[in-house]
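Engineer: In this text, residue positions in the sequence shown follow the working numbering: the first is 8, and each later residue adds one.
Treat the hints as calculated values from the structure; they're not laboratory data. Careful: at least some of the hints might be erroneous.
Have a look at the derived ranges for each label pair, beta carbon to beta carbon [to be verified]:
| id | residue 1 | residue 2 | range |
| --- | --- | --- | --- |
| 1 | Pro164 | Ala128 | 16 to 22 Å |
| 2 | Phe185 | Ala64 | 30 to 36 Å |
| 3 | Gly108 | Ala128 | 22 to 28 Å |
| 4 | Arg71 | Val175 | 30 to 36 Å |
| 5 | Gly131 | Phe185 | 18 to 24 Å |
| 6 | Thr194 | Gly173 | 19 to 25 Å |
| 7 | Ala64 | Gly131 | 17 to 23 Å |
| 8 | Arg69 | Pro164 | 18 to 24 Å |
Owing to the predicted nature of the structure, the values given are computational and were not obtained by experimental measurement. C-beta atoms are modelled at their ideal positions from N, C-alpha and C, and glycine is treated no differently.
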Amino acid sequence: MSSRIFSVIGTALTKVGVWAQLFTVVREGGFEVAAREPDPGLQLGWLGPEDLERAHALEPWRPREQVESWFGEGQLIFGVKDGEHLVGRTVCDLKRFSMNGMIRPLENDEVYLHSACVDPAYRGRGIAPLMRGECYRALRKEGYRRFYSVTKFFNAPARRFKEKLGAVEERLLVYFDFFHKWYWTFTLPLPGRKANTGSE
């Protein structure tokens, strides 16, 4: 289905109170991303509760309570700082894969990567691939080997970005929101790929 056709259908559904979206489930870290020296002044590593306000400032439209919950049990936040300024972060859920009501527990070596963000003022400086690659390395040091994320199906730049980092798209998520009261997500095999019968 082309993005244009899906957009027309999505607009029609929205008029009657139904929102639809397509996502791909992505297995990341298929190969070791070449390490490179960060720009002078940049520091990369795990964030702590003292970084809460800076993590929220990257996307102030998010509820503060949501960002605060990331610092709770079962999640880690990997960040990039320029001095005292946080310029990027990736949230790593170690407990569960959770996306629009679709939840499953993670195995001991699995991580769900979500809510990655880079300060718009720093885009074009290679922050995103640097952060992702260093995040993989930091997680591997902790014993994690399988990394998952989701990407909007029609977001071609995001899909290409992850592909360059060794990501493999495993399946398609179809998400429906009915009147902001009921939610339904189901999975389909991606066109041209065999269904994965093992665990995600």
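Engineer: Give a verdict on every hint.
Structural biologist: So, going through the hints one by one against the coordinates:
1. Pro164 x Ala128: 16 to 22 Å: 19 Å, holds
2. Phe185 x Ala64: 30 to 36 Å: 34 Å, holds
3. Gly108 x Ala128: 22 to 28 Å: 34 Å, violated
4. Arg71 x Val175: 30 to 36 Å: 35 Å, holds
5. Gly131 x Phe185: 18 to 24 Å: Check failed, 39 Å falls outside 18 to 24 Å.
6. Thr194 x Gly173: 19 to 25 Å: 22 Å, holds
7. Ala64 x Gly131: 17 to 23 Å: At roughly 20 Å between Cβ atoms, Gly131 and Ala64 fall inside 17 to 23 Å, so the hint holds.
8. Arg69 x Pro164: 18 to 24 Å: Holds - the Cβ-Cβ distance for Arg69 and Pro164, about 22 Å, lies within 18 to 24 Å.
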